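Trainee: With the hints as extra help, turn the sequences into a complete structure.
There are 2 protein chains.
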Amino acid sequence: MKQKITLREVGLRDGLQIHSTFMPTVDKMAWIKAEAAAGMSEIEVTSYVPPKLIPQFADAAEVTEQSIQIPGLLVAALIPNMRGAQRGVELGVHKLNFVMSVSETHNMKNVRRPREDSVADFREIVAMIRQQPEGQRPIIVGGLSTALGCSYEGRVSVKDVVKYAVALVEAGADELVVADTVGYADPNQVREVFKAVLAEVKHLPIAAHFHDTRGTGLANVTAALDCGIVHFDASLAGLGGCPFAPGASGNIVMEDLCFMLDSMGLDTGVDLNKLVEIRKAIAASLPDIAMHGALAKAGLPRNYLPASERLAAA
Amino acid sequence: MKQKITLREVGLRDGLQIHSTFMPTVDKMAWIKAEAAAGMSEIEVTSYVPPKLIPQFADAAEVTEQSIQIPGLLVAALIPNMRGAQRGVELGVHKLNFVMSVSETHNMKNVRRPREDSVADFREIVAMIRQQPEGQRPIIVGGLSTALGCSYEGRVSVKDVVKYAVALVEAGADELVVADTVGYADPNQVREVFKAVLAEVKHLPIAAHFHDTRGTGLANVTAALDCGIVHFDASLAGLGGCPFAPGASGNIVMEDLCFMLDSMGLDTGVDLNKLVEIRKAIAASLPDIAMHGALAKAGLPRNYLPASERLAAA
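Those protein sequence lines, which keep their order, are chains E and W.
UniProt numbering puts the first residue of the first sequence at 1, with every later residue one more than the last.
UniProt numbering puts the first residue of the second sequence at 1, with every later residue one more than the last.
Think of the hints as simulated: they come from the structure by calculation, not from any bench.
Not one of these hints is a red herring.
A pair counts as met if it fits within one copy or between any two copies, since identical chains are not told apart.
20 Å max Cα-Cα, derived EDC-like pairs, lysine to aspartate or glutamate: (1) Lys195 with Asp226; (2) Lys163 with Glu192; (3) Lys2 with Glu309; (4) Lys2 with Glu192; (5) Lys274 with Glu42; (6) Lys2 with Asp271; (7) Lys4 with Glu309; (8) Lys95 with Glu65.
Because the structure is a prediction, the values reported are computed rather than measured.
Mentor: Set out below in structure tokens:
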């Protein structure tokens, strides 16, 4: 039996947030629908932040309302605080991704509060969600940014990652995301951090969110797979970065990640050719956005059989 | 104790051979000297092929003669046949990299002979080298191209890789190189192939030569490290490809590889900052060559301490 891997598209949020040109709502929806049709089961479609702060997400309500109509798609959105969480609940989004930084400096710069206050905020958000009527409670995710390095502080201690992972779980997280926000991680560090978190946090999905800022993104995925991680964030064409992390460039490239996993015989559920096709629509909508990725240039290997067909043939 | 990793620069051969503009000999030598000064212990400086076939290597003699004067540098060159081997021996090069393809079609296209004839050629080359006076015998390396996929045949059987690895060792190879010439490999396949080769070929250095054509290069390095491989080919700025493999782009990026290994706490012996500096000279010499690499764009992480200093501080 093939191991099932869950991929989550974050390009519409992490990818677009640093891009100053607004992507028209109709183009965002075309992207979301096409990627859902390609087999992507989960997409982070927007962020519930004030449009004054990030104009790119001025259409958060429309994008959410339309996305949750797509059959079979799990629709997620980022929230920085209670206000965002309340908006998400009102809109009926399926999953809320709360984010705090493991590095104190990055947390202060990103959400303007100490880490302990972020944990307290998260606790209140969980309480608010639990007050909702059954069937209207979104999945609540605790996200740990800068867990593998910080562009202000440099190395981040593994102890702190574990401390805040445990804090978010104790506060009521349904899932965790451990993020290399600025692309500092190497495979040994990934193994060390994920093993340490997994030793303390069990029976809870833990996703890896890597950036490819220094070329190590897919190597880090390999290391995380070795630890048993099966949930990965990525963005089409490697769009992305962090507006508050100087020097950071894109997320790992979804189609390259998907090719690697499929080639390894893992079941992503995603159609590689359809995935690569979507790049054209993104490029047409935002001609000045930086597109990354090797597979789109090189194409699939000669006579390449997707994992699903290889298994069927075997 | 830190694990020692040997990196080998192949950009002057694998990188330049597909580039039609001749890099002046003086620029090649500046590159080689600068990289040796950065701590690179082994460089494949040229290829002994007829200049009519690849004009880039018209200065093979001068480059070899000057390179072997650089103290502490192991100077290697590629050879396609006996004629190339004889030139190498005459020039006093330290190491000869013989290359054949595991895929029959690629071998026919690349060196215009069946694989079995290539093995026979290699046997004769080894015999010729052994006839040389002691102290004048270069190290002879058996290289297996398309060992992880072929742009003509697609997947390549692991059995064939092992078969030709054993054949080259039996014929007298001092070392092996197992190459993903066209960038088809994934980490699982790397583990499978290298484990299979290592099971049959012991007590002999085996190097991995990966291309990053589909973005999996450093992930494949991680997988090879897991198997115990400690010798890696790469090229500065990811220059390279194979003229006979349609669609193939560059080798893995030396400076990104070096950053990943150093970050993992492995001892490459190479100074990362000096390495990145050399890119400028290459770009100045060949303004139209495609330069790849993430580290050069993003820079080292904040407060980054090289592995050597981390160990000293610990």
